[in-house]
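J.: The chain contents come next:
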Amino acid sequence: MSERKVVLTTCKSCHGGCGVKVTVEDGVIIKIEGNPDSTTRGTMCSKGLSSIQHIDNPYRLKYPLKRDGEKGSGKWKRITWKEALDTIENKMKDAISQYGPFSIAISQGTGRGYNRYTHRLARSIGTGNIITPGYVCHSPRLGLYALVTGYGRLYCDYHGWGGEFPKTHIMWAKQLEISSADSEMAYWFLNSLTYAKNLIIIDPRASAFSSRATLWLQPRPGTDCALAMGMMNVIINEGIFDKEFVEKWTFGFDELKDRVKDFTPEKVAEITWVPKEKIIQAARLFAIDTPGCIQVGSSLERQANCGYTLRAITCLMGLCGNIERPGSMISWVLPATGLIEDFYLQIPIPEENKKKIVGGDKFKMGAARTCNPDTLIKKIISGDSPIKVWFSVGGQQIVHLANTNEVVEAIKKVDFLVHCDLFMGPMAEAADIVLPAAHWLELDDIYDMHPRFMIEAHNKVIEPPGEAKSDLWIFNEVGKRVAPKYWFENEEACLDEELKKGNLTWQDFKTRLISGCWGKDQVYYKYKTDYWKKGGGFPTPTGKFEFHSKALEAMGYDPLPQYNEPGESPVSTPNTYKDYPLILSSGYRQPFYFLSQYRNIPWLRSFMEYPTAQMHPETARKYGIEDGDWIWIESPRGRVRQKARVTPGILKGMVMATANCFYPEEPAKGFHGLFISNPNVLTSNDHLDPMYGSPDLTCLLCKVYKCSKEDLKENVFKTEEYGFVQTAGDEPVSLKRR
Amino acid sequence: MQTARQWMITQDWMVTGNRQTEWIEKRGLILWLAFYTGGLGGGLFIVSLFFNSLWGMLIGWIIVAVIKGGLHFAFLGRPSRFWRLIMHPQTSWLSRGLMFVAGFAGFGFLLMLASYFLPEQTALILALKIVSGVFALCVATYTGFVLNKVKGVPFWDLSLLPVLFVACAILGGFGMMTAIGVYDPSVNLQASEAGTRIMLIINVLLISLYLFIASRREGVGKKSVLMQIRGSISPQFWVGVVLLGIVIPAIIAIYTLIWHEAAAAVLIFGTVCEVTGGAMLRYCVLKSGMYNPLFSKDSIKRGPIDVRA
Amino acid sequence: MRWGMVINLSRCMRCHACVAACRVEHFLPLRITWPRLIAWEKETGYGPEITTVPVRCNQCKSAPCVEVCPTQATTRRSDGIVQVDQNKCAGCRYCVIACPYQNRTFLSKDKNPGQFPGHRKTSFEKKGEKLYPHQVGTTEKCNFCMERIDEGLPKGLKPGVDRDATPACVNTCQARALTFGDLEDPNSEVSKLIKAHLGYRLHEEYETDPSVYYIDPGIGNAPSNIAPFEAQTASHMPGLSTQVESARLIFANLNKEEGK
Ligand SMILES: Nc1nc2c(c(=O)[nH]1)N[C@H]1C(S)=C(S)[C@@H](COP(=O)(O)OP(=O)(O)OC[C@H]3O[C@@H](n4cnc5c(=O)[nH]c(N)nc54)[C@H](O)[C@@H]3O)O[C@H]1N2
Ligand SMILES: Nc1nc2c(c(=O)[nH]1)N[C@H]1C(S)=C(S)[C@@H](COP(=O)(O)OP(=O)(O)OC[C@H]3O[C@@H](n4cnc5c(=O)[nH]c(N)nc54)[C@H](O)[C@@H]3O)O[C@H]1N2
Ligand code: SF4
Ligand code: SF4
Ligand code: SF4
Ligand code: SF4
Ligand code: SF4
Ligand SMILES: [Mo]
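Chains as they are written, first to last, in numbering that gives the first Met the number 0: chain D, 0 to 737; chain U, 0 to 308; chain Z, 0 to 259.
Derived by calculation from the structure, the hints in this document are not laboratory data.
Glycine included, each C-beta is placed from N, C-alpha and C at the ideal position.
Each statement offered as a hint is correct.
A few chain U residues facing chain Z, derived, Cβ under 7 Å:
#1 19
#2 22
#3 75
#4 76
#5 83
#6 84
#7 91
#8 94
#9 149
#10 150
#11 293
The shape of chain D in the complex, shown without the other chains (with noise of 0.2 Å):
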């Protein structure tokens, strides 16, 4: 007779947060669904339900690996945990000992529940040289808001704790439904969506709801500083702007009125091709069916105007007091467990230190937490790098980063990388020594939600494969060595500590599975009470919401927002748009991918095969090209080849190509096929954002054309339907290379 058991844990094929129920029988996982009892009331989306396809996966790793030939060569021997952990330890502490504590970097991807970690370990080192992908991925977000709200966070109120839901949203180059778990989780905005008046879709391309929101605005790539600039105009002079709160909570109205006078509706119709009366129309909405709130998505974190874009938003915000109110933005209230981050600031990076940090004297609202990989890149391959050990868990940072081409050049110098991973990947295949990681399936661990009013428990499921460790034990273990202060004994005890706030240990938290503050628990209007400030008021400098920013202003930035246009642009460079007459963006997501991930996962990649190209059919008529077509895309810095798409769904004039992507089923050489598809090596990283460092990744230029069938030679164009991992033979080629 088999048993079977239930065990309930959290999902995080993304970012994660999804309550799930998993049903085990003899060891083996037989289903996954959603947990009614959680936050996302028992949905789930493809890429959670098919975490069913990451156990026996052919592509995981199992067993540590050292590289056994130059990089790339997909050459690896095993070896034991007990020698990789060794060469780490005397690697970091040669380095530490000769160069110093910032000559190590650690490094991850996007979140993915472990950053607190991340963090930890190299604040216990003594390094302020983290690489993530932070900087053009919410960080600016959290920064900017934080000049307003202090600890960094704004979301939108999809919950109705307060009693209402929002009348007006904004999707502001955001598609939350399918890229949940980015802030918010899809469930709660697409629940709080039956309550809503006004749905305002600010996006050049069509996402699920554009064909059915109430406006949907197709501003031209870069340009929605402007945009949001424009909507301010309209507010003041319409005199529809929230008076009472700018009158009594707000600083530097004037000086904002003031910089938003120029910004008519028809001068920003010009800078963006929004319609003028739609830019009108907008601002009304926004400003006159409160509560409102805004959803900013990444993609605008991609340009390197981002600074001053967020600031702008924000500002829009502020004047409709859409701040703190229920149903607008705001900044929750944590559970009793506390702020996950406490678990590395109790770590401070010294004052004097963050001058080390690579960038940190350009880029000072980034250098704040991390350094700027762009940055990073340029000084590795000219040779003064002060990096000796790249310590990397997750990320992919040779396929995120803008400008591959410098990026696998630089990547290739490193003295000495680690990479952790659950899959063989181009950035493994750049490693000296590869660590098998657990899935969220084999492991026990705390999960940080975005929103940060609560925190989730990751509950082991099965065994690992091989000798797959969690990403915390890795940590510890390595952390014990390096800095065995700041580490601990075992797991339990690590994840004992998070939770002692919470007078919780972990023993009680995994059947409790959450902790969280929710329902009347939450405080709204924080700074009418003494929350912030004794007497009520913002955590800002002028206790004020600032229209100007104090802190910028003394960061020697502009304290007001500003538009610019993109590095590249039909308007700040006109010759290159004469050879390169498209507008490109490389910021999109799908349903069913995460990033590069799940090409390896055959129900999703079922979904959509190849990386696809979208644009207008005008555009590709205009270009002979077809539905289905493999075209090249080709920018200053190079070409790749994507599927086109053709959909009247997207601005004309413009191409949206998939971000992020790789071909597992591709050679080692060649980073399995890194250069094929992924967009950026279109992208540039030289155009960076005064504030954050962020390059232009949502708004370049670029040409298309068709391939021609000698184009197409590379196993991936003949591999048959889902036959991905065919071609790698019995054993995927990454793996059988040991």
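We have chain D already, so just place chains U and Z with the ligands on it with the hints.
T.: Frame of chain D, contents of chains U and Z with the ligands only:
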């Protein structure tokens, strides 16, 4: 499966209408032959009845009972459950068809036995002739109804289809008869040639009429026709159906009409052409079977809300 | 009792979760998908209209597939679900041809190459072969998760209301674009939706009388944005909220620490 090699499994599937594949592609070809041999065998048997050609009956019988039956069997995903196919004659034309085949096989066999061993039993033979003849006719016809039943494919649900199939079957029958006649002196060649001519004319009329009606139907029906006339299967149509199935036999027919004499080889060649032509006709009909798109143009009712502000 | 589904076209966001859920629920062979999504994109007077139409077996009341099935492997249950008995199906594919909505797939060998073609079977697949066998050579389609319904009803569960008796795709849909229930019960959620939003069915002119309805009520224009009591109190998470006071303290500390 539609999803193969598409950029995304949702893309366009059934938006523009797409073809039936199960019954014509890959192993589906077997079914196509099964359907055609049914017609051919049936047709030949009927014709043989008139000509009283035992050979004709035998060959027709073999084509239906052995070849057609075998092909059907081979086509099944679960051949061991062959017998279940007759479980639902109330509504399923496939069940009925299989019964016709069975009946035909039975009575046809008896008829041949009778006319071989007891030729003097004229009454019995006549009875058997009528019964097996009717069965043969059904065998030749039912495939028409099988396709006719399919609601989703406008090109198929024309009541003319069964008629077309029978006509084409009889034509094939005459063709085969002629061929047999070349070797079996008991067959009246002139008569069978005459029959061929008549059937040829009827076929030409029916085919053109059919295409005409079909092309007058809503979007997809027309598409099916275009597919054949100038689309992906136009070679099969023009070479197979028209040239082999009609033009060449017609030339031969006219030739024989004028000179009353034609070399055996020519006649055999003509037959081969007619048979292939018939096969290609069925092929084109199956291949161009295109479904109505899942939703008609206006089935998604509302556009975006206009803005009130 | 007649089980039916209402699909909200305004809500479906093409996320494919329903497809994945069905694959998990029924251990579907790699190249079989019971529910499918159709991308419908066209220019209109208003500008581009982007719609996704989720389709699955309509469980037609007068179902062509039932009519043409020569083996009686396909039958219609009293609760309206059209079911295929894999032990009776002879694999003639007549139903595949006859379904005017193309909701049936014939499971040929090549449609079941294993989840990682050319690679050993995963433990999940091996289990699946026992728990939910798929016979090569027979025909398959969506069955409205009748296993769940049949298990749930005796336990007194209400399909469409209680998850354990509700189709997997309906449960997982984050957009709540799918609603399941009894079409013959005027008070069921489905009946109400159909009534309120003029639900329609695909190709009614075929007179197949499908049990899957489509509505397209649009987005926005909600009469009120006031949150119902359950939402305000997060009553679906009883007692899980942890208390606030300590959070406030943390907040205070943090401002000091970060020097903000
Ligand atoms: N052109 C362009 N470039 C972009 C973007 C864009 O839109 N356009 N997006 C940018 C953004 S927003 C981001 S966040 C980055 C994304 O950058 P990345 O975070 O690098 O995204 P992935 O490519 O998914 O790399 C994640 C890696 O971590 C591994 N991994 C996943 N989960 C775990 C885990 O739990 N433990 C361990 N050890 N490893 C794990 C995965 O196998 C994968 O190899 O890309 C950025 N780059
Ligand atoms: N399924 C899935 N979910 C994910 C991810 C994933 O890869 N897959 N990635 C995760 C990560 S790391 C992140 S950062 C988030 C990102 O999630 P989102 O913030 O939603 O980012 P994208 O989907 O890349 O872009 C959102 C929209 O911005 C539009 N856009 C592009 N350029 C511009 C522009 O210049 N202006 C305006 N107004 N719009 C523009 C695109 O058309 C796209 O529809 O998603 C997270 N969630
Ligand atoms: S949205 Fe994210 S957390 Fe939820 S199921 Fe999908 S992958 Fe998992
Ligand atoms: S799960 Fe819901 S939203 Fe997602 S594709 Fe299916 S029906 Fe549409
Ligand atoms: S949709 Fe097709 S398969 Fe489903 S019942 Fe109707 S005819 Fe049969
Ligand atoms: S394939 Fe099976 S279910 Fe379909 S008609 Fe034939 S026997 Fe019936
Ligand atoms: S109802 Fe059940 S069987 Fe039908 S598509 Fe949904 S999950 Fe699959
Ligand atoms: Mo991101």
